[in-house]
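Asker: Make the full structure from the sequences, and use the hints.
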Amino acid sequence: ALRRREERTQVHVINGGHCGITGKPNGKGMGSHAEEIDGNGTAAVKDKMIDYLSPFLLLVKDPEHITAEEAMQVRDACLKTTKDRLLERANIMQNRLNEENTKLSQAQDDYHHGRNSQDQFEQLCSDVTFRIKILERRLAEHEDSAVAKYKSLEQKLKDDPRLSVLQ
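Just so we're aligned, residue 15 is where the sequence shown starts under the numbering used here, counting upward by one.
Hints were generated in silico from the structure; no laboratory data involved. These figures come from a predicted structure and were not determined experimentally. Treat the hints with care, since some could be wrong.
[To be verified] Straight-line C-alpha distance at most 16 Å; calculated EDC-like pairs for lysine to aspartate or glutamate:
(1) LYS97 / ASP141
(2) LYS172 / ASP90
(3) LYS172 / ASP98
(4) LYS147 / ASP98
(5) LYS117 / ASP141
(6) LYS163 / GLU84
[As the list claims (entries may be wrong)] Taking CB as the label site, the calculated pair distances span:
(7) ALA162 / LYS75: 27 to 35 Å
(8) ASP123 / GLU157: 24 to 32 Å
(9) ASP98 / GLN132: 43 to 51 Å
(10) GLN137 / LEU180: 51 to 59 Å
(11) VAL179 / LYS97: 49 to 57 Å
(12) GLU168 / ASN105: 19 to 27 Å
(13) THR81 / GLU157: 32 to 40 Å
Heads up, the beta-carbon is just placed ideally off N, CA and C, and yes, glycines get one too.
Answerer: Structure representation (structure tokens):
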């Protein structure tokens with residue numbers, strides 16, 4: 015068991031699961047590359063599928079025999095990471111939308127106080143309104159898809175044989 019754990023710690027995941035080496039989302043459910051340390055201490059990138067649970071299974075003592083408590087921790091950590099990632103993305107979109115609304119409000123104030131010509135104001139309003147509509151549509155689409163992605167992950171975790179001790 016100790017040898018397997020040491021072997022696992024030698025594998026550095028570049029694009030594994032939902033997060034890359036930085037812990038930031040990589041946009042992929044499954045990675046396609048892994049970096050392994052070879053016998054000479056150098057890194058070699060190999061094409062292979064990375065398990066979506068691999069970052070969370072590192073916390074487990076023996077991945078071959080997961081206890082119910084460990085399986086619950088893995089499941090909860092995986093769901094929390096996904097939820098956090100989806101919320102972070104929604105917050106980024108909302109912040110961009112708020113910035114564009116602030117620009118529009120500022121343009122209206124500038125126009126009413128005579129700091130911009132009508133042509134400048136109309137062009138700025140047109141551009142900002144266009145961006146606002148796009149951001150609103152993307153945010154609405156993200157909110158719809160986020161719920162579906164989360165439910166899909168819940169089902170995937172429920173069906174995963176490694177976490178079958180939870181049922």
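Asker: A separate judgement is required for each hint: does it hold in the structure or not?
Answerer: How the hints compare with the structure:
no.	hint	result
1	LYS97 / ASP141	33 Å, violated
2	LYS172 / ASP90	12 Å, holds
3	LYS172 / ASP98	20 Å, violated
4	LYS147 / ASP98	25 Å, violated
5	LYS117 / ASP141	10 Å, holds
6	LYS163 / GLU84	23 Å, violated
7	ALA162 / LYS75: 27 to 35 Å	34 Å, holds
8	ASP123 / GLU157: 24 to 32 Å	31 Å, holds
9	ASP98 / GLN132: 43 to 51 Å	46 Å, holds
10	GLN137 / LEU180: 51 to 59 Å	58 Å, holds
11	VAL179 / LYS97: 49 to 57 Å	23 Å, violated
12	GLU168 / ASN105: 19 to 27 Å	22 Å, holds
13	THR81 / GLU157: 32 to 40 Å	36 Å, holds
The structure is inconsistent with the numbered hints 1, 3, 4, 6 and 11, although it conforms to all the rest.
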